[in-house]
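There are 2 protein chains.
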Amino acid sequence: MTPITLDFSNMVMEHLGVRGVDSERLGGDLADRFRVAHESVEAIRRSGEMGFFELPYDSDALAQAQELADQIEGRFENLVIIGMGGSALGARTLRDALLGSLWNERSNEERAGRPRMYILDNVDPGAVLDVVEYLDLRRTLFNVVSKSGSTAETMALYLVLEGLLIEELGKENVGEHFVFTTDPENGALRSIAEAEGINSLPIPGNVGGRFSVLSPVGLFPAALAGVDAAALLGGAARADEYCRTPVLGENAAGLMATLLHVAHSELGASIHVLMPYSERLRSFSFWFQQLWAESLGKAHDRSGNVVHTGPTPLPAVGVTDQHAQVQLFMEGPLDKVVIFVALTGTQRDMKIGGHRASVPSVAYLGDHTLGQLMDAERRATAEALRRNGRANMTFEIEYLDASTLGELFMLMSVATIYAGALYDVNPLDQQGVEMGKQLTYGLMGREGYDPPERSDPDVRWRLERG
Amino acid sequence: MTPITLDFSNMVMEHLGVRGVDSERLGGDLADRFRVAHESVEAIRRSGEMGFFELPYDSDALAQAQELADQIEGRFENLVIIGMGGSALGARTLRDALLGSLWNERSNEERAGRPRMYILDNVDPGAVLDVVEYLDLRRTLFNVVSKSGSTAETMALYLVLEGLLIEELGKENVGEHFVFTTDPENGALRSIAEAEGINSLPIPGNVGGRFSVLSPVGLFPAALAGVDAAALLGGAARADEYCRTPVLGENAAGLMATLLHVAHSELGASIHVLMPYSERLRSFSFWFQQLWAESLGKAHDRSGNVVHTGPTPLPAVGVTDQHAQVQLFMEGPLDKVVIFVALTGTQRDMKIGGHRASVPSVAYLGDHTLGQLMDAERRATAEALRRNGRANMTFEIEYLDASTLGELFMLMSVATIYAGALYDVNPLDQQGVEMGKQLTYGLMGREGYDPPERSDPDVRWRLERG
Numbered sequence: 001m002t003p004i005t006l007d008f009s010n011m012v013m014e015h016l017g018v019r020g021v022d023s024e025r026l027g028g029d030l031a032d033r034f035r036v037a038h039e040s041v042e043a044i045r046r047s048g049e050m051g052f053f054e055l056p057y058d059s060d061a062l063a064q065a066q067e068l069a070d071q072i073e074g075r076f077e078n079l080v081i082i083g084m085g086g087s088a089l090g091a092r093t094l095r096d097a098l099l100g101s102l103w104n105e106r107s108n109e110e111r112a113g114r115p116r117m118y119i120l121d122n123v124d125p126g127a128v129l130d131v132v133e134y135l136d137l138r139r140t141l142f143n144v145v146s147k148s149g150s151t152a153e154t155m156a157l158y159l160v161l162e163g164l165l166i167e168e169l170g171k172e173n174v175g176e177h178f179v180f181t182t183d184p185e186n187g188a189l190r191s192i193a194e195a196e197g198i199n200s201l202p203i204p205g206n207v208g209g210r211f212s213v214l215s216p217v218g219l220f221p222a223a224l225a226g227v228d229a230a231a232l233l234g235g236a237a238r239a240d241e242y243c244r245t246p247v248l249g250e251n252a253a254g255l256m257a258t259l260l261h262v263a264h265s266e267l268g269a270s271i272h273v274l275m276p277y278s279e280r281l282r283s284f285s286f287w288f289q290q291l292w293a294e295s296l297g298k299a300h301d302r303s304g305n306v307v308h309t310g311p312t313p314l315p316a317v318g319v320t321d322q323h324a325q326v327q328l329f330m331e332g333p334l335d336k337v338v339i340f341v342a343l344t345g346t347q348r349d350m351k352i353g354g355h356r357a358s359v360p361s362v363a364y365l366g367d368h369t370l371g372q373l374m375d376a377e378r379r380a381t382a383e384a385l386r387r388n389g390r391a392n393m394t395f396e397i398e399y400l401d402a403s404t405l406g407e408l409f410m411l412m413s414v415a416t417i418y419a420g421a422l423y424d425v426n427p428l429d430q431q432g433v434e435m436g437k438q439l440t441y442g443l444m445g446r447e448g449y450d451p452p453e454r455s456d457p458d459v460r461w462r463l464e465r466g
Numbered sequence: 001m002t003p004i005t006l007d008f009s010n011m012v013m014e015h016l017g018v019r020g021v022d023s024e025r026l027g028g029d030l031a032d033r034f035r036v037a038h039e040s041v042e043a044i045r046r047s048g049e050m051g052f053f054e055l056p057y058d059s060d061a062l063a064q065a066q067e068l069a070d071q072i073e074g075r076f077e078n079l080v081i082i083g084m085g086g087s088a089l090g091a092r093t094l095r096d097a098l099l100g101s102l103w104n105e106r107s108n109e110e111r112a113g114r115p116r117m118y119i120l121d122n123v124d125p126g127a128v129l130d131v132v133e134y135l136d137l138r139r140t141l142f143n144v145v146s147k148s149g150s151t152a153e154t155m156a157l158y159l160v161l162e163g164l165l166i167e168e169l170g171k172e173n174v175g176e177h178f179v180f181t182t183d184p185e186n187g188a189l190r191s192i193a194e195a196e197g198i199n200s201l202p203i204p205g206n207v208g209g210r211f212s213v214l215s216p217v218g219l220f221p222a223a224l225a226g227v228d229a230a231a232l233l234g235g236a237a238r239a240d241e242y243c244r245t246p247v248l249g250e251n252a253a254g255l256m257a258t259l260l261h262v263a264h265s266e267l268g269a270s271i272h273v274l275m276p277y278s279e280r281l282r283s284f285s286f287w288f289q290q291l292w293a294e295s296l297g298k299a300h301d302r303s304g305n306v307v308h309t310g311p312t313p314l315p316a317v318g319v320t321d322q323h324a325q326v327q328l329f330m331e332g333p334l335d336k337v338v339i340f341v342a343l344t345g346t347q348r349d350m351k352i353g354g355h356r357a358s359v360p361s362v363a364y365l366g367d368h369t370l371g372q373l374m375d376a377e378r379r380a381t382a383e384a385l386r387r388n389g390r391a392n393m394t395f396e397i398e399y400l401d402a403s404t405l406g407e408l409f410m411l412m413s414v415a416t417i418y419a420g421a422l423y424d425v426n427p428l429d430q431q432g433v434e435m436g437k438q439l440t441y442g443l444m445g446r447e448g449y450d451p452p453e454r455s456d457p458d459v460r461w462r463l464e465r466g
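Going down the list, the sequences are from chains A and B.
Residue 305 in the working numbering sits at position 305 of the first sequence; the count goes up by one each step and never skips.
Residue 150 in the working numbering sits at position 150 of the second sequence; the count goes up by one each step and never skips.
With the rest of the complex left out, here is chain A (with noise of 0.2 Å):
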């Protein structure tokens, strides 16, 4: 097995020129720095607050979302999903990444029996009727996923499902119709799960849902469609393995997160673009760019100062982009930084055939795969970006299976603790959506919520019409 390496040649000074990094500091001062971002992590991994350093040697959890998943396995054919940002993406990942585009539309032998997955995300009535009008709810099993149990749209979500499944098959029949994922001793859920005998797993409560991929939230829909998630969390102890040197040059993810942070912070670099030349990955880069906005994106230092810091993370996808986003990427302002991903094993390919060699403008193409034609693009746009003087690194994985996707979850989240520590704002609070769910209450008319004072002024401004 060849772990995730990273090529970031493009990003050093002797490649780049005046836009790269002094190469010089990867041994003196960019070293040093994150020598000591490593130990301020280490030091908070043996307090224990982040849960999700033990997550990939979990075996309790593997075995009970396992357990789980073997016990309800062919009794559902379709699994809903319903949660929000971290207790969704996971999940989406796992399935475009390892089942692909069209799991859904295969047929249940096609499908050996494993449940087709859906993602509800979002409170919108009319992509909820879209599924739900769709589905035969009898053969349909629902896994609420909320850390805290009483996330508003979550909450909703499943009031109404719950709602629909009473009318259809009577109260009594229900509850066989969920699986809470869940803190594993507050909220509501827990307590609803624990009076009325409905199955749950847990979220271990040091875990935050940005975080939580490789505990039950990813692992019990990841073993029900039947991804080998026991490979999911060796991937992933192998990432934590190699991520937890101090010796800058050697880790992968104090790579990533110091070469991030000083094209931000120095040479201005604040939109940091992760284009994965893999279709099967376009939702990794979802996963990720809410893991790096919400962790990062802060309004306080550690020390409590106002500092408004953040990169903006921007999901791409190769080869695709390059016909919306590249243009920009080249010729805009020098403020991103490509973070490629590429697959460097020999994957399944196809032959582009050479039956229209007498059309000049085709006739290059003929001798070759579309993986090869992947590939040359994914190498010109990295030195074409280069040439612009344009940042850009590459991570590569040999293929795509449950044991790398893994590896690059771990990989990521663990260079969002070191990223944290570098732009020295706590990676596991999201302060600033406060306000948003206070008005909401208010709005809803939640007891010891006001709804929000029209604003000052009363005026509005808006279009006029002539």
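Source of the hints: derived by calculation from the structure; they are not laboratory data.
Hints are supplied without guarantee of correctness; some may be wrong.
Between beta-carbon pairs, the in silico distance windows are [stated by the list, open to error]:
no., chain 1, residue 1, chain 2, residue 2, range
1, A, R138, B, D429, 51 to 59 Å
2, A, G345, B, Q438, 21 to 29 Å
3, B, P184, A, S265, 30 to 38 Å
4, B, N305, A, E250, 24 to 32 Å
5, B, E453, A, E241, 37 to 45 Å
6, A, G445, B, P184, 30 to 38 Å
7, B, E176, A, E241, 53 to 61 Å
8, B, K171, A, S59, 55 to 63 Å
9, B, A63, A, D70, 56 to 64 Å
10, B, G268, A, V36, 27 to 35 Å
11, A, D70, B, A195, 41 to 49 Å
12, A, V247, B, D32, 54 to 62 Å
This one's a predicted model, so the numbers in the text were calculated from it and none came from an experiment.
Note that the Cβ used here is the ideal one computed from N, Cα and C, for glycine as well.
Assemble chain B onto chain A, guided by the hints.
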């Protein structure tokens, strides 16, 4: 029919404080600046360089697309669109916005005999195999979309699929499985269509890919899927009409362009977030992303000066991204404007249900609908952003259908052209992607192109293994 309107209160000083635009300027220098931009756009419009202005009125194109769709109707179960960037994003938006997320999973009967619609906009062999191995090719129509008729990825996919069809059906039966949408006169696809009698539709010579959704590029898939293509153009014509006034306060596209440009150039808001509160408009954000990024991200201004300018468009969707990106929007750098899209009319809705009224943390949800929760969250998010000094504006649409989607397409296309004038760049070219193409040709051994020389120095900077 209520036209789309715009509330930009949270862009002006009276609501936003020092981070806002002085509202007096909307009747002063900004109105004047827009009038100049408007004039230059009108001049180009008259010159005939920007063909997309004529698309809403092109009844010939509509008739041709509709006729071909009618002629083909019922013969295929699947429509696969092969195209890159603007050749794919418009069709995906049409599908997701008007047919819903589970269209492809519905039975032939539920689709009233209309085809499933797949988009191949990547050369990833794994993604292509996912689709090709699953679909019955004998029941599949391929719509190959390329303005130039020589886009490398599009042509590679075309050759792959043509090869498979020849194997499966024999050479003589393959032609009827294709419709080419391409330049009316030039390019390989046009030549092949004429030589072999393959059905084809024209993209007017003066319409670029990212402005082509209202041409046969979008009209044909729409018509084939049973979408009211005439209504799409009708809505676009409506937007064209009300976005043509030189009076800033009355011009929705003008206000959007002017406010975003001033927020960027004077207030540092270089990231423009499009955040519809509608799951069905998720793909619309990606259509807009390409339009805004590729049209405005430029190395040179119109006088040829090096400027490296352009805002970075960032797609988001409400309420989902409240649990992913909004933390960063609220607390991070003051470098963003959020553009909300709200559906304000009566939509299909779902009652949340009060059967858990005894659970304190969810009792408040019971008397409401999902739509009400969605709406409360949108308003709460806009207000919380405002209180944090974060600029935002809201487009209000009564409901989503072919007509209002056409209106949105046109409004944002016109706004892009105005923004081009305000940013002083050419919104119609994309020089920045040329180098990547040349390097790809070199790597693929195309005649007349050299492979890129090895970068200098030859040394690569890579992760070391400890």
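For each hint, the structure was consulted:
no.: 1; hint: R138(A) <-> D429(B): 51 to 59 Å; verdict: holds (56 Å)
no.: 2; hint: G345(A) <-> Q438(B): 21 to 29 Å; verdict: holds (28 Å)
no.: 3; hint: P184(B) <-> S265(A): 30 to 38 Å; verdict: violated (52 Å)
no.: 4; hint: N305(B) <-> E250(A): 24 to 32 Å; verdict: violated (45 Å)
no.: 5; hint: E453(B) <-> E241(A): 37 to 45 Å; verdict: holds (39 Å)
no.: 6; hint: G445(A) <-> P184(B): 30 to 38 Å; verdict: violated (59 Å)
no.: 7; hint: E176(B) <-> E241(A): 53 to 61 Å; verdict: holds (57 Å)
no.: 8; hint: K171(B) <-> S59(A): 55 to 63 Å; verdict: holds (58 Å)
no.: 9; hint: A63(B) <-> D70(A): 56 to 64 Å; verdict: holds (59 Å)
no.: 10; hint: G268(B) <-> V36(A): 27 to 35 Å; verdict: holds (31 Å)
no.: 11; hint: D70(A) <-> A195(B): 41 to 49 Å; verdict: violated (59 Å)
no.: 12; hint: V247(A) <-> D32(B): 54 to 62 Å; verdict: holds (60 Å)
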